[in-house]
Structure formats: structure tokens, C-alpha cells
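Colleague: Using the sequences plus the hints, can you model the full thing?
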Amino acid sequence: GQQVMQIPQYQHVQEGEDFTTYCNSSTTLSNIQWYKQRPGGHPVFLIQLVKSGEVKKQKRLTFQFGEAKKNSSLHITATQTTDVGTYFCAADRGSTLGRLYFGRGTQLTVWP
Amino acid sequence: SQTIHQWPATLVQPVGSPLSLECTVEGTSNPNLYWYRQAAGRGLQLLFYSIGIDQISSEVPQNLSASRPQDRQFILSSKKLLLSDSGFYLCARYDRTGVIWGYTFGSGTRLTVV
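One line per chain: the protein sequences are A and B, in this order.
When the first sequence is numbered by the working numbering, its final residue is 112 and no position is left out of the sequence of numbers.
When the second sequence is numbered by the working numbering, its final residue is 1114 and no position is left out of the sequence of numbers.
For the record, the hints were derived by calculation from the structure and aren't laboratory data.
Hints should not be assumed to be uniformly reliable.
Residues from chain A shown here face chain B by an in silico Cβ test under 7 angstroms; the list is partial [stated by the list, open to error]: (1) F45; (2) Q48; (3) R104.
Note that CB positions come from ideal geometry on N, CA and C, so glycine has one too.
Modeller: Right under this line is the structure:
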């Protein structure tokens, strides 16, 4: 069954608008990771969140890990066309090293 | 660097034909290695993972198999391909950089079974 729920599946925004994708797990996580896959490319690691309530920023990207360590979000401020791609969360339940459960991804389209 | 080499980049194979996809990695020794499949427009499905030579764990029963004959070599195989085997196959390793753990993916093989 679906281990990690990620919404929305698709998001279309105009350049300059903000974007958020959400990831939810039914179980408490050891950590959560985020990956970006450009069209035609392979997933690339963005960040790992480990601590309850953790917030990390990378330029216009803000990543949050929930207090209960069951949910996470990625927010992009003022999207640019270079942000186009699919964003995946990957949940680590801490059972087996490297055994992550990927969300289905949010495909972001940015209109110029 | 934790570089991953995958080949070929694209492959078109007829139904019933065999398959062999090879992945070789550079970087630290004894990496955890993974094979993922991504159907068109879909998420990532873990197929196999390996924590060492000749140690393979299967996540999904199917007509695919994996082998790890050397520390830095991970092979995905099939004796007879099905149409449903079409997809984007990604090899990955899981490593720590400082205190941060994460996957490094290869550039993938796009397989079309016709």
C-alpha cells in the first residue's frame, strides 16, 4: 500500500508565484529527504531533515519537518522556470539503512 | 565523488528477449546499492537492494533479478521481458556526506519493450 502520501500530484504556476508540496506518513519517521527530477533527468538529492520541527532553507526553497516527524513540506518562493521538474519526498522509517519510501512526486510546471 | 555509471541510456527490446543492465559505481567501497524503476509519469519503485557482494534483497516479486558480482558492480537482468517491464531504470547508492545521508542516482536507462 501507499506508504507516503504526497500532494498535489500536479501544480501549474505562473513564474513568480509560490509553490508548496506536502508529504505525509502514517508512521513516525527517522528522517525525510527531498529530491528533484528535471524532465528527462534523474532524481537529485536536495536535503535531509532529521529533527522534529526542523526548518531548512536553500535560497528560495524552504523545507519543514513536522513536530511529530510524520509530515514534511517543500515551499518555493517566487518560482522561476528553472524550478520546473518533479519533486519527491522520501521517507526513512529507520528500519533498514537506505530503505526509503518515495512519495509519488509533485510535477511542477512554471509558465513564463 | 560518488559517481554512478549506467548503460545503455536507452534501449528498445522485443517482448520475450533477455535483458542485462549494468551499473558501476565509484567512490567509497562497500556501498549500499539499489535498483529503482520509474514508470512514465510515476513515482519510484524499489526493485532490489544490495548491502554487499552477492547479497541481494528483492522488494517486488517479478521476472527481474539482480546480481552483485563485484563490490562496485550491480546488474539487473531478465530472461524474458514483458511489456510491463518498460520504464526508466535507475541505479543508486546511499552514502553519508558529513552527517547527511542521501541517494546518488545514475543517469538511468530508458527501456521500451515492444
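Colleague: Does each hint hold? Answer for all of them.
Modeller: Hint-by-hint comparison with the structure:
no.: 1; hint: F45; in the structure: holds, 4 angstroms
no.: 2; hint: Q48; in the structure: holds, 5 angstroms
no.: 3; hint: R104; in the structure: holds, 4 angstroms
Taken one by one, the earlier hints all hold for this structure without exception.
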